[in-house]
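2 protein chains.
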Amino acid sequence: MQLEVEDNKVGGTNTTATIAPERQELAQFPQDNVDYYQKIKWNGWGDTRKFLHTLEPSGTIAITTPTASAVPLPSLANYIKKELTLNGQTSNLENTPSIQLDQINIAAPRPINPSFERELQSIFTPDQLKTDKFARITHVYGKSIRDLVRLRIGQINNAPDLIILPQSHDEVEKLMQSANKYNVIVIAYGGGSNIVGACEPVTTDRFVVSVDMRRMNKVLWVDRREMTACIQVGIMGPDLEKELRKSGVSLGHDPDSFEFSTLGGWLATCSSGHQSDKYGDIEDMAVSFKTVTPTGTLELRNGARAGAGINYKHIILGSEGTLGIITEAVMRVHPLPQAEEYFGFMFPSFTHAINALEQIRRSDILPTMIRIYDPDETRLSFSSKPSKGAFSEFISSAIKHVCLSIIGFEGSKKQVDFHKKSVFDILSKNGAFGLGQSPGKTWAEKRYDLPYIRDFLLNHNMWVDVAETTVSWSSLLPLWKEAKQAFNDHFRSKGIPSWICAHISHTYSNGVCLYFIFASKQNADNEMTPYTEGKRLMTDIVLKHGGAISHHHGVGYEHVPWMNRYVSNGWINVYRKIKEVVDPKNICNPRKLMPTQEEENGQKKYLFDVLNVKQPKL
Amino acid sequence: MQLEVEDNKVGGTNTTATIAPERQELAQFPQDNVDYYQKIKWNGWGDTRKFLHTLEPSGTIAITTPTASAVPLPSLANYIKKELTLNGQTSNLENTPSIQLDQINIAAPRPINPSFERELQSIFTPDQLKTDKFARITHVYGKSIRDLVRLRIGQINNAPDLIILPQSHDEVEKLMQSANKYNVIVIAYGGGSNIVGACEPVTTDRFVVSVDMRRMNKVLWVDRREMTACIQVGIMGPDLEKELRKSGVSLGHDPDSFEFSTLGGWLATCSSGHQSDKYGDIEDMAVSFKTVTPTGTLELRNGARAGAGINYKHIILGSEGTLGIITEAVMRVHPLPQAEEYFGFMFPSFTHAINALEQIRRSDILPTMIRIYDPDETRLSFSSKPSKGAFSEFISSAIKHVCLSIIGFEGSKKQVDFHKKSVFDILSKNGAFGLGQSPGKTWAEKRYDLPYIRDFLLNHNMWVDVAETTVSWSSLLPLWKEAKQAFNDHFRSKGIPSWICAHISHTYSNGVCLYFIFASKQNADNEMTPYTEGKRLMTDIVLKHGGAISHHHGVGYEHVPWMNRYVSNGWINVYRKIKEVVDPKNICNPRKLMPTQEEENGQKKYLFDVLNVKQPKL
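Protein chains in written order, with the numbering used here: chain A, 5 to 622; chain B, 5 to 622.
Be aware that a few hints might be false.
The list cannot tell twin chains apart, which means a pair is met if one copy fits it or any two copies do.
Said to hold, decoys possible - Once the Cα atoms are required to be at most 30 Å apart in a straight line, the calculated BS3-like pairs of lysine-lysine come out as:
no.	residue 1	residue 2
1	K404	K418
2	K581	K609
3	K488	K450
4	K250	K433
5	K581	K404
6	K317	K246
7	K85	K548
8	K282	K178
9	K282	K417
10	K433	K282
11	K450	K589
12	K609	K417
13	K317	K282
14	K185	K583
15	K589	K250
For the record, the hints were derived by calculation from the structure and aren't laboratory data.
Working from the sequences, and respecting the hints, build out all of it.
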């Protein structure tokens, strides 16, 4: 029987409870006039109305979205069973559902200081202050595998005591002053899409406020002469682009998390979007912004590049809420491109593709985007397509070495044509086979979907994690080979089926972003060691090959144990001094970004390890 | 009688002493196996063998270079007389020669701490430690108008006590440790080309070492795969490019000071080169570098862009030696361009030129360089040409509104052709008249020559200063108009002939670099008020229009009085904390970059004003 799903309808009777518990939660929340955190999955990725599920009795995997019900992905189940393998044994898709929201109990909020409470009541309306269980549960974690597993088993130890939804820069300033006065921890919360533990309350000694920025979602002005826009940073990706497009401009920042992340999150974590090769990374787009710190607001000059002392914007970019809260930003924008053309190419091997990529980079005539999938991710890509064409079948079954590449061009028609010609010449010299624009369209449609597959796998006794890095051209292939081999060796030697793939997503003159996705079977009791083992293994190998600890995911607490190896110790001291002057009581997102002195000295365990405890069975 | 000058010959008899005293000094120094500071003018700009002078009895101005003697610049004298005007009265070129080196007396060095001296002797060879008068005089100032005037009247109050010429990173580390131990002030000295007082010893309480980095001039390696090069930062522009070109690559950084500045100076001051529109500003080229601070060496990761916390390189870029000394840098390089084509264009007006520039910027197809001279600088440009063509004459006499533009393209032939076509279309739509490649060639040959004209004017009872800024598109014309008007009004109302011109040299999506050159008659007793008045006036107007305090000249002590207006106070505190942690004794280039607390509170005068004292007559 095919699953019945009510398309695009909110609050109706729910017929899919056992397969997609998210639908049940959804019934509680109307989709209009609610805050963003009420619209998205509390225990998974993204839109509550979008999820993968199996069709019975065939076992075919299907996807349901707000606009299409139960669209079969005919090759995916087979791909998972065959690839997540050990000694030729196929894996089964066992059901491992999440706990339901109403089954979760969390501790009551800490008592609030009555003076602090009075001050908050003078700044905010009651509607901006939330202490209900749902608000607290949806602001405790991000979307890492550890976060989701903990949510799915109901392990929530450090929920923030209060959620505040400010609506203006002034409100954030007043809040910060008050929080500093009463020694209250303040954690900026954007889209909550981070996967490095960036927003999790991890100290237990003080009252914790999670500052949900998503009501600060206005584009304040667009200046088409300077090609800049002033934007409240709580705006989500799609809303931002929708607003900018009304003025005929775009930011051009499109990270994987685009649909569920905010401008503030992008700035605070040094985000990078799919088209960064043309439009730059977020630091290139940021002209100026206001940062509210416990000791005052730090402002920057709105103007083009200047060489007049230190460029202070870079002290906030990447500071991940540990120095304060960014409220409004002036961003560079660009006119909407006249042409946007995305093509698929198939290379005989990953090496062929990398050679072509390097030659394109050297040619100085760059596409807007070049993504290259290694053979394993190429097969995943074809296997997760809704249609089951002959070519897809051929790829996903027979060929072990070919690599898919998606190459996009944006700009004026004449510029796109010129760039295409140059790039296509290099591609054909490197054995690339053109697939036309159809794979480009598919990529554009599906580009945000991978986390939904992860949710499905979590529902079926598997886990998936990712690791990304910036690596030099010389270390790219050695890192790719060693990481893949080491990951599979590690898990398979323990009798656990595993799978790992990678793609290249951003290029620079001196390196690329290499992105790994890896998975294995969950162990029976949902114990977290496998995820932390996988993550540790991958991070060690990345650093061994001189890779960056992250290209765009950031640090949070997940990468802190490696920061002493990654950042020269002198800089750690500099960071601590900056922190001391802007946040003397350490109220802003403590224990993130950099090791504490105690962690460094071994007097305190890294959070990475503290949270690697054996969990109760489901 | 035409002046006799011995071409390209060093140490010979000098027949030009009264006109070009530099020649006399030169005789003392062989050109080989000497340090850079011994090769360049102690009281003017650049090569001792290159200078402007008049030919008697005609009064024609001529230029002598190492390869050409007394080449007449037939229109220049007339231009100066006519333009540096007041109520139609022409100005005469009176002789106001510099003092001679042997007429200058400077105070003996402060006594050196014997322990410090012993440590230095264990680190350095005697040849690396200089205390002679010439070494001390050539490391006290940069090349600002105030610096040159003070040198030319022999006013040298704060010469460094010791010049050290390190040859390796390790030597700088040892020196810094020792200096910190004995509380000795350390001032990094690159090419000494700065015009903001960046390297001047300005404290009188401690022993001062000027660290001349110019022996650290090796390209350590070039990696053609990553397109990076590791370079000792004391290397001068021409040597750097010569070395890189051996590997077929270029840095592409070509500031006005290129011939007499170092990579370290570029990094420490956030420099920007002529071709920044294509190759980026220095911060875009810098991958990583080592900075020796009093509390240890700060290192950065050599790799492509990463989003993993704060990008600490930006704390050193622009810090102007106040946090430590940069020793070695990994820089992005690029293959030598296949084609380099520079063209001249003439616009009917500055407004026409700016309209074209804005349209080119919006088209997203950018030349490598666009320089636009306003009508006054256009006439100067044609008047300082060696040949006296009919067109030059026409321009320099009759036309008051036309604007010269030099537009360059670099890259592969096909890329240059594509860009040219797009840019030329926009130019012709905006009334530009093509002059072919000859003005481009002239620009390339003469691009570093302006400071030599300044020296000539100093020799002839005039002074010249510059002010540059980054300004938004919207404020560009209003700033240009107001600054020019206000400058001339100010001086002419006092009965002093004056002159001001401007050009645009770098473009960004949200603004341009606007560069003013201004001059007036020196007052009779060489008192410095006119220069500081001019500088103050220009800086106030720049800030009024939202311009940057500098686009690429930096801060030094000249711009410090404006920093409280330019940088939010919170950032000043952050800077002070950073300084405190890396340089707790404040030994690195004190009183530069940021106001001290005492200056801010009015307890101490800004150096800008302290140095504005009435000087003795020549």
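Outcome of the hint check:
1. Taking CA atoms no more than 30 Å apart as the test, K404 paired with K418 passes in neither setting, with 38 Å inside one copy and 38 Å between copies.
2. Taking the closest pair of Cα atoms, K581 and K609 come within 30 Å of each other both inside a single copy (22 Å) and across two copies (29 Å).
3. In this assembly of identical chains, the alpha carbons of K488 and K450 lie at most 30 Å apart only when taken from the same copy (25 Å versus 57 Å across copies).
4. Taking the shortest alpha-carbon separations for K250 and K433, only the inter-copy value of 29 Å comes in at or below 30 Å, while the best intra-copy value is 42 Å.
5. Neither within a single protomer nor between protomers do K581 and K404 lie at most 30 Å apart by alpha-carbon distance, with minima of 52 Å and 56 Å respectively.
6. Proximity of K317 and K246 under a CA criterion of 30 Å is satisfied intra-copy only: 26 Å inside one chain copy versus 35 Å between copies.
7. Proximity of K85 to K548 under the C-alpha cut-off of 30 Å is found in neither arrangement, the shortest distances being 32 Å within a copy and 68 Å between copies.
8. Neither within a single protomer nor between protomers do K282 and K178 lie at most 30 Å apart by alpha-carbon distance, with minima of 39 Å and 44 Å respectively.
9. With identical chains, the CA atoms of K282 and K417 are at most 30 Å apart both within one copy (15 Å) and between copies (21 Å).
10. Taking the shortest Cα distances, K433 and K282 sit within 30 Å of each other both inside one copy (23 Å) and across copies (27 Å).
11. For the homomeric pair K450 and K589, neither the shortest alpha-carbon distance inside one copy (44 Å) nor that between copies (57 Å) is at most 30 Å.
12. For a Cα distance limit of 30 Å, the shortest separation of K609 from K417 qualifies neither inside one copy, at 56 Å, nor across copies, at 59 Å.
13. Proximity of K317 and K282 under a CA criterion of 30 Å is satisfied in both settings, with 22 Å inside one chain copy and 23 Å between copies.
14. Taking CA atoms no more than 30 Å apart as the test, K185 paired with K583 passes in both settings, with 17 Å inside one copy and 27 Å between copies.
15. In this assembly of identical chains, K589 and K250 lie within 30 Å of each other by CA distance neither inside one copy nor across copies; the values are 43 Å within and 55 Å between.
Hints 1, 5, 7, 8, 11, 12, 15 from the earlier list are contradicted by this structure; the remaining hints agree with it.
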